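For chain A, the structure is supplied; the task is to place chain B on it using the hints.
Below, each chain spelled out in residue letters.
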Amino acid sequence: MAKTQKVQLTPQEKAVAKQKKWTRIKRDKWMYLLLLPGFLYFIVFKIVPMWGVLIAFKDYYAGMPFFTLEHWIGFRNFTDFFGDSSFLQLLRNTLIISFMNLIFYFPLPIVLALLLNEIKVQWYKKALQTLVYVPHFVSMVVIASISFMLLKTPSMEGASGGGLYEIIKAMTGKEVNILGSPTAIYWILLIQNIWKETGWGTIIFLAALAGVDVEQYEAAIVDGANRFQQLIYITVPAILGTIVTMFILRMGSVLDTGFEQIILMQNELNRNTSETFDTYVYQVGRIQGNYGYSTAVGLFKSIISIICIQTANTLAKKAGQTGLY
Amino acid sequence: MISIKRRSIGDVIGDVIIYALLTVLAIIMVVPFIYVIAASFAPEYEIQTRPLFLIPNNPTVDAYKRILDPNDMGTRVFRSLGISVVVTVVGTIINLFFTTTMAYGLSRSGLIGKGPILKMVLFTMVFGGGMIPLFLVVRALGMYDTYAALILPGAISAYNMLIVRNFFMDLPAGLEEAASIDGCTDIGIFVKIALPLSLPVLATFGLFYAVGHWNNYFGALLYLNDQNKYPFQLVLRNIVMQSQETQTDPNALIPEDTMKMAVIVIGTVPILIVYPFLQKHFAAGVMVGAIKG
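Chains as they are written, first to last, in this note's numbering: chain A, 21 to 345; chain B, -4 to 288.
Keep in mind that the hints were calculated from the coordinates and are not lab data. Since the structure is predicted, the reported quantities are computational estimates derived from the model, not experimental observations. All C-beta atoms in this analysis are idealised placements derived from N, C-alpha and C, irrespective of residue type, glycine included. One thing to keep in mind: the hints can contain errors.
What the hints assert, rightly or not - Some chain B residues close to chain A (C-beta under 8 Å, calculated; not the full set):
no., residue
1, I107
2, P111
3, N210
4, I259
What the hints assert, rightly or not - Rough simulated footprint, nothing fancy, chain B against chain A, three-plus residues with beta-carbon under 8 Å:
no., region
5, 67 to 73
6, 96 to 110
7, 199 to 213
8, 327 to 338
So that you can see chain A by itself, here it is in the shape it has in the complex (with noise of 0.2 Å):
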């Protein structure tokens, strides 16, 4: 709209124009050089390596120069990942810690603020969000230290496990080696998740929880309301927006497993189910070298995760929500 508006200038008013922009970039020219550092940055770490997403596109090998302009093979690095059967197993492993995150976990955040916001007593409340804040902030070598030490089987004969070995051996009668099962991964890395993260996610909830209008709750309790009914009726409605913008970042992310977690609670007993499109990236690229089947890989992930994400942000505006863009 715009556009059609502009009035058409004359070559005089153009040059006049142009030379009130060269003033102002003069103006302004200590505020380039505070900025060149930061967007020198963005270019040579971000940029660069999105131009080097075509040695997807490449038979490229280490020793390579990065910017070569040969041994162009098309999408033949993306086929044969297609091809592979390792593929459709990657994707189930991503799509099975995906999923059972978002069925388990996202739901947590969201009741944990609830409950907290029903506690009066501030002090306890302060209390309680400094405690469940804390796991946030632990690294996640010692989160993966932690149960290991708990998990982990008998170092030798006679001796105890680690806690919770002892604890399921004693329930269940059966001595597992629970951090080499292939299925028990997915439960310690959803267990680890809700632990570290839980009482971090109530902090959004909590702030929306926070404009809620006093008044909505004096009406309704004067209209008879109880507590259940406050909670269906205005509590709820209010963190509405931020539940949904939450979920569609989720939903964006849905391949996004991260690698830390995993390679850290890896091995060969569980690799097979454990394997995500991230840590295969890391597998493949960096230790094997395959650089160009590996960054094909990545590029892929990408792209399908631009197209969740934007699906995710549709669909939530269509709901009549505001979405995030």
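What follows is chain B alone, placed relative to chain A:
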């Protein structure tokens, strides 16, 4: 304050359930830490015979002595701790420098070229080249197996930068005008006015960046080759995973379980030390992001 509102029995029962549930949850959150701390102060035979305990029967600091003894594991532990401290401090300073200068530059309204730069930044938040292209860039720049690779590739978090920019844009314009009339350049205004006014914001993001550096495992795994350059998280990982079966060097010392517990504690303590400072600021920092984001 006197409450005259009558509470029904249902309300009281509901409260009891909620308080009890949350208290149990909070305990579950901290029990793993207490177990690790208790085990790190227990003698090895106690760990090997008692599966779970929160207070050791015979407390001892032997595990810490061996972990920190230069003739035992001390050299490895101290070197990696030193590396982690340096990378964290230098990395955070670089993060803050890059983040604030770019954020301030982009906060000037009407800056020519600002639109395309912002678009570029937003685009990088949605799409990236991926791990291997970035790895190849880092290697081509000669940063492979150097500490620069742990610091520069993550020098700016686009998200943090945009939040800091929002903060700069909200600073009262009058201050800057007054300073520029007094003959201050834009850089002078940035250093003498904008930065001092945004110290709480800088503290928040500085702490976030610092925790990220301290906890970083993947960066070192990806970019470092020389074991002597490993930061603490990698050494912690290696010590915990060291066992009879994984041992390649027959002469190497096998750490006892109490020592593994002690290393885990050492890796967590710095976080717990800065946590009160973090907590003071992060709620505000996250809120700014949530509202403006």
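Hint check results:
For I107(B), the shortest C-beta to C-beta distance to chain A is roughly 6 Å, which falls under 8 Å, so the interface hint holds. Checking P111(B) against chain A by beta carbon gives a least distance of about 11 Å; that is not within 8 Å, so the hint is violated. At a threshold of 8 Å, the smallest CB-CB gap from N210(B) to chain A is about 3 Å, leaving the interface hint in force. Taken as an interface hint, I259(B) checks out: its beta carbon lies about 5 Å from the nearest beta carbon of chain A, inside 8 Å.
Proximity of the region 67 to 73 of chain A to chain B, defined as three or more residues with a beta carbon under 8 Å from a beta carbon of that chain, is established by the 7 residues found. Look at the region 96 to 110 of chain A against chain B: 0 of its residues bring a Cβ nearer than 8 Å to a Cβ of that chain, fewer than three, so the hint is violated. Counting residues of the region 199 to 213 of chain A whose beta-carbon sits less than 8 Å from any beta-carbon of chain B gives 0, not enough to reach three: the coverage restraint is violated. Note: the region 327 to 338 of chain A has 1 residues with beta-carbon separation from chain B under 8 Å; the three-residue rule is not met and the coverage is violated.
Hints 2, 6, 7, 8, counting from the list given before, are not met by this structure.
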